[in-house]
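Keeping their order, the protein sequence lines are chains S and F. Okay, so the first sequence: first residue is 1 according to the numbering used here, each after it adds one. Okay, so the second sequence: first residue is 1 according to the numbering used here, each after it adds one.
Fair warning: there could be bad hints in the mix.
[To be verified] Calculated lysine-lysine pairs in the DSBU-like style (CA-CA distance at most 35 Å, straight line):
1. S:Lys252 - F:Lys104
2. F:Lys60 - S:Lys447
3. S:Lys241 - F:Lys256
4. S:Lys408 - F:Lys32
5. S:Lys148 - F:Lys45
6. S:Lys476 - F:Lys104
7. S:Lys304 - F:Lys60
8. S:Lys310 - S:Lys28
9. S:Lys447 - S:Lys85
10. S:Lys137 - S:Lys251
11. S:Lys252 - S:Lys366
No wet-lab data here; the hints were simulated from the structure.
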Amino acid sequence: MKFEYAPAPESTAIVDIQSEYNLFIDDKFVPSKGGKRFETINPSNEKVLSRVTQATAADVDKAVKAASEAYRKTWSKLSGAQRGKYLFRIARILQERAREFAVLESMDNGKPIRETRDTDIPLAAAHFFYHAGWADKLDYAGLGKNPKPHGVVGQIIPWNFPMLMLAWKVAPALATGNTVVLKPAETTPLTALLFAEVCQQADLPKGVVNILTGDGSTGAAIVNHPGINKIAFTGSTEVGKIIAKSVASSKKALTLELGGKGANIIFEDAPIDETVEGVINGIFFNQGHVCCAGSRLLVQENIKDELLEKLKRRMSLIRVGDPLDKNTDLGAINSQAQLMKIRELAESGDAEGAQRWSPQCQLPEKGFWFPPTFFTGVSQAHRIAREEIFGPVLSVITFRTPSEAIEKANNTPFGLSAGIWTDKGSRILWSAQQLKAGVIWANTFNKFDPASPFGGYKESGWGREGGRHGLSAYLKGDFS
Amino acid sequence: MRVDVKKTYKLFIGGQFPRSESGRSYELLDAKGNFLANPALASRKDLRDAVVAARAASEKWASASAFNRSQILYRVAEVMEGRREQFVSEVMAQEGVTKAQAIKQVDAAIDLWVWYAGWCDKIPTIFGSTNPVSGSFYNFTTPEPVGVVAAFIDGSSSLIDIVHGIAPILSGGNVVIAIANEEYPLCAITLSEVIATSDISGGVVNVLTGRTEELTPWVASHMDIDGVDGSGLEMAAYETLKRDGADNLKRIYRFKAEGSPQRIISFMENKTVWHPIGI
Numbered sequence: 001m002k003f004e005y006a007p008a009p010e011s012t013a014i015v016d017i018q019s020e021y022n023l024f025i026d027d028k029f030v031p032s033k034g035g036k037r038f039e040t041i042n043p044s045n046e047k048v049l050s051r052v053t054q055a056t057a058a059d060v061d062k063a064v065k066a067a068s069e070a071y072r073k074t075w076s077k078l079s080g081a082q083r084g085k086y087l088f089r090i091a092r093i094l095q096e097r098a099r100e101f102a103v104l105e106s107m108d109n110g111k112p113i114r115e116t117r118d119t120d121i122p123l124a125a126a127h128f129f130y131h132a133g134w135a136d137k138l139d140y141a142g143l144g145k146n147p148k149p150h151g152v153v154g155q156i157i158p159w160n161f162p163m164l165m166l167a168w169k170v171a172p173a174l175a176t177g178n179t180v181v182l183k184p185a186e187t188t189p190l191t192a193l194l195f196a197e198v199c200q201q202a203d204l205p206k207g208v209v210n211i212l213t214g215d216g217s218t219g220a221a222i223v224n225h226p227g228i229n230k231i232a233f234t235g236s237t238e239v240g241k242i243i244a245k246s247v248a249s250s251k252k253a254l255t256l257e258l259g260g261k262g263a264n265i266i267f268e269d270a271p272i273d274e275t276v277e278g279v280i281n282g283i284f285f286n287q288g289h290v291c292c293a294g295s296r297l298l299v300q301e302n303i304k305d306e307l308l309e310k311l312k313r314r315m316s317l318i319r320v321g322d323p324l325d326k327n328t329d330l331g332a333i334n335s336q337a338q339l340m341k342i343r344e345l346a347e348s349g350d351a352e353g354a355q356r357w358s359p360q361c362q363l364p365e366k367g368f369w370f371p372p373t374f375f376t377g378v379s380q381a382h383r384i385a386r387e388e389i390f391g392p393v394l395s396v397i398t399f400r401t402p403s404e405a406i407e408k409a410n411n412t413p414f415g416l417s418a419g420i421w422t423d424k425g426s427r428i429l430w431s432a433q434q435l436k437a438g439v440i441w442a443n444t445f446n447k448f449d450p451a452s453p454f455g456g457y458k459e460s461g462w463g464r465e466g467g468r469h470g471l472s473a474y475l476k477g478d479f480s
Numbered sequence: 001m002r003v004d005v006k007k008t009y010k011l012f013i014g015g016q017f018p019r020s021e022s023g024r025s026y027e028l029l030d031a032k033g034n035f036l037a038n039p040a041l042a043s044r045k046d047l048r049d050a051v052v053a054a055r056a057a058s059e060k061w062a063s064a065s066a067f068n069r070s071q072i073l074y075r076v077a078e079v080m081e082g083r084r085e086q087f088v089s090e091v092m093a094q095e096g097v098t099k100a101q102a103i104k105q106v107d108a109a110i111d112l113w114v115w116y117a118g119w120c121d122k123i124p125t126i127f128g129s130t131n132p133v134s135g136s137f138y139n140f141t142t143p144e145p146v147g148v149v150a151a152f153i154d155g156s157s158s159l160i161d162i163v164h165g166i167a168p169i170l171s172g173g174n175v176v177i178a179i180a181n182e183e184y185p186l187c188a189i190t191l192s193e194v195i196a197t198s199d200i201s202g203g204v205v206n207v208l209t210g211r212t213e214e215l216t217p218w219v220a221s222h223m224d225i226d227g228v229d230g231s232g233l234e235m236a237a238y239e240t241l242k243r244d245g246a247d248n249l250k251r252i253y254r255f256k257a258e259g260s261p262q263r264i265i266s267f268m269e270n271k272t273v274w275h276p277i278g279i
């Protein structure tokens, strides 16, 4: 029996996108000093949504000065309790305007409304709420007595979870008493600009949050600005290393959330139907644009055929298409450039001898799309087993013994996430101990929470975000 | 009259005491300018050998129970106590201090070692957490060792700084390649002799003597070193180390000359584990 779904589009009437946006500096939207504008498009139909500003080095300087003055004159003079109340306000406004954010995020990013509505935006609000409560309790955070903020923090965030990554960065920075200069990703600036309005509605003192749109050159100007005391970056390992080198000779503190090539390990005794759901969630959540995606499926050899059959069946039910349709599972690839990268890596899989499988699915003609895909016959030397694809492409690798699984899982310079599927408790804990990864999901995958520290081992980054551990990124204490 | 049997100060790599493969040594003078010893001048190859030995020893040391590691570190303090006279004479010779001052330092160094020993099984309690996530999940975070850590030993003292450079790294379950301070190599080697007879497996601690300036770039570029304590480096060299060490995102820090759990947790990674709750 085949179920047909009628279209169930979420209305876009709730969002009010301006044709052009200025930069948000010192509580005002101001034009750039000499910066051009660039378009941001809806990746599901390639329609231009708005034109935003390319912030220049002069704009960065202006924003840093505003943040620095706000730090000196207002933000550092406020008690933690008062600071916290601003964060509570922001959390509440985000909840009040959640649907608006969800729709806008889906339009600018291409991800399904189901995810922005149920995951991105509620988690972003939760992040502010959680950190609001920390603001007056920092002496109890286990970082030593009276930990101090850094001052002005430069934050550069990616396009895969634009609003959620903003929350991961801005909430702890403000709760700990820092002021912020934030650059959203080039392809997804709109929710950050809407967040600027939230800051205004919350009456956040001027200069505490400054938002500069732009490309990598704006990011570099932030990283290299002498008035910035700390950099927090989420993005590729390649750029992360460049930033680490750039700030090596400065006093700037640095935290990095970088790439991953997460292993999702399926043992023979795993509950198979739940596991299939977990595999799907691990790689197809957010089109696979997830640094902690379970992009390497390590399956015990004797259950491979059964698992792949069920996976194929489940993948054939994935609904690919209009991100604003409430029934859509897999939305658009965020950009042309990312689509080309996914295609290139998938083609390398073909060329290196792996076998590609995708379900029959009709992809829209306009926009950037890639079908849910897995490769079998993948060796550990293949590029699709080593490089982060950042798309809906799963590499299937087999193992025979638990120690072989661990060895293969750890055979990567990354160390962000891993999954374990088994019915045996002692095996879960043993595997979790052996895996060199910062986040381990056992019999689940891709779960996030403001109370749960997130971050990577090895080349997946420096530091943690979320929980008590995430606070230390924004505080100078005796221990961190 | 009896002629003293003098000690040859050699490297400590993988539980062995080799000379430098380069065949080089350097002349070490005491505080008054008299000849003291010819310690080995470690080469890039010696460093690489030490990394191989350290990596091979890493898994067993990291997976030893914290209580076990704690007892082994305490054992080092016990054996140090038996070598007090030797440490005292080396501190006097290298620093030119009085016997009373040297005794004070040696006592403090042994006590510091005991202090770090006690941290092994406290760190995860104090610096880990259980996290009250929304939804039906059990979620906990625990610090784990990063692996292989190199330590440039500071020169504010001839013995205490070595303890700061080695003990906390071991405490967290990491293995170490200590690069002794150029001016104060003797206590470092004598401490490695203590370590060799204290239930610490070969490779867990490796000690190189030589020119810091020569070894720093090789430490920075070695892709199998996970972290570096740069306390013993000049600021310019430390910044270069940070820049070059970014190629594999080494964890690189320097510390104030005082005991702190910061020295332990800096070389630990927090691992968070999620599991659903249900029946």
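To see whether the hints hold, each was checked on the structure:
1. S:Lys252 - F:Lys104: Outside the cut-off at roughly 38 Å; violated.
2. F:Lys60 - S:Lys447: 32 Å, holds
3. S:Lys241 - F:Lys256: 26 Å, holds
4. S:Lys408 - F:Lys32: Violated, at roughly 57 Å.
5. S:Lys148 - F:Lys45: 43 Å, violated
6. S:Lys476 - F:Lys104: 33 Å, holds
7. S:Lys304 - F:Lys60: 32 Å, holds
8. S:Lys310 - S:Lys28: 54 Å, violated
9. S:Lys447 - S:Lys85: 28 Å, holds
10. S:Lys137 - S:Lys251: 27 Å, holds
11. S:Lys252 - S:Lys366: 44 Å, violated
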